Amino acid sequence: VVSALLHYSLLSAMFWMAVEAFNMYLAFVRVYGAGIPHIFLKYSLFAWGMPCVIVATTLAATMTDGYARLRNGICWLRGVAFYVAFVAPVALMIILNFIVFGIVLRVIVGKAHKKLGRSDAHSTLRRLRRAVGVVILLGLTWVFGFMAVGEVKLIMQYLFVVFNSLQGLFIFLFYCVMNREVHKALSHSAVAKERTAKTSLSPTRSVVTESILSTVVTPALKDA
Numbered sequence: 018v019v020s021a022l023l024h025y026s027l028l029s030a031m032f033w034m035a036v037e038a039f040n041m042y043l044a045f046v047r048v049y050g051a052g053i054p055h056i057f058l059k060y061s062l063f064a065w066g067m068p069c070v071i072v073a074t075t076l077a078a079t080m081t082d083g084y085a086r087l088r089n090g091i092c093w094l095r096g097v098a099f100y101v102a103f104v105a106p107v108a109l110m111i112i113l114n115f116i117v118f119g120i121v122l123r124v125i126v127g128k129a130h131k132k133l134g135r136s137d138a139h140s141t142l143r144r145l146r147r148a149v150g151v152v153i154l155l156g157l158t159w160v161f162g163f164m165a166v167g168e169v170k171l172i173m174q175y176l177f178v179v180f181n182s183l184q185g186l187f188i189f190l191f192y193c194v195m196n197r198e199v200h201k202a203l204s205h206s207a208v209a210k211e212r213t214a215k216t217s218l219s220p221t222r223s224v225v226t227e228s229i230l231s232t233v234v235t236p237a238l239k240d241a
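End of the sequence shown = 241 in the numbering used here, gap-free, step of one.
None of these hints come from the bench; they were simulated from the model. Quick caveat: nothing in here was measured; it's all calculated off a predicted structure. We treat Cβ as the ideally placed atom computed from N, Cα and C, and that holds for glycine. Among the clues, some could well be false.
Claimed, not checked - Here are the in silico distance ranges between beta carbons for each label pair:
1. Glu198 / Ala108: 19 to 25 angstroms
2. Ser182 / Ala209: 34 to 40 angstroms
3. Phe187 / Lys210: 27 to 33 angstroms
4. Val19 / Ile56: 29 to 35 angstroms
Generate the whole structure from the sequences, applying the supplied hints.
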């Protein structure tokens, strides 16, 4: 059970990276989400459903013999099941991620040649840096997992675990902290809230002023 859950979790993480690669393709190459209704639902079905199919197929094909306790005490895949049900899907996702990155990089560089303005050049460079950061996020961390053999096995395993656990932070940095569009959206939101607060406060002040005038000034004028 533990090995099957671990298998499913790692595959899910890898398939979500493939989703992120496709999302990057939509953001840089196509109009975001164009012609794809319920896109997040389809992302979820793919990233959570495909690993479930692979794990279920592995269990059905090997009758649980594909999962076993290894010599180091870890419950994990063994034999042919390891290469077919884990190495092959992960390698395929990594290759697809780098193919998508190549397409995105080609589009960005092509746009850079067409745009000669300084502001356009800076914008293109920012997008290029973000794309490089994303491809590191999408594939390089799993390269450490494939390199975890021989004398450097322990070091690569530590790097693999650390970088994969920090993927959420990397996504936040690349898409929020380093994204000027997010900064502008937050600024506009803050300004809009401030204006709304001032607008809602003005009628309140008017009502209070009218109340004071009606209760204090008007009786005084009548007495006079």
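Quick rundown of the hints versus the structure:
1. For the pair Glu198 and Ala108, the supplied restraint of 19 to 25 angstroms is violated, since their beta-carbon distance comes to about 34 angstroms.
2. One distance hint, 34 to 40 angstroms for the beta-carbon pair Ser182 and Ala209, holds here, with the actual separation near 37 angstroms.
3. In this structure, Phe187 and Lys210 meet the distance hint of 27 to 33 angstroms, their C-beta atoms being roughly 30 angstroms apart.
4. Checked against the hint of 29 to 35 angstroms, the C-beta distance between Val19 and Ile56 comes to roughly 33 angstroms, which is consistent with it.
In terms of the numbered hints stated before, the structure departs from hint 1 and from no other.
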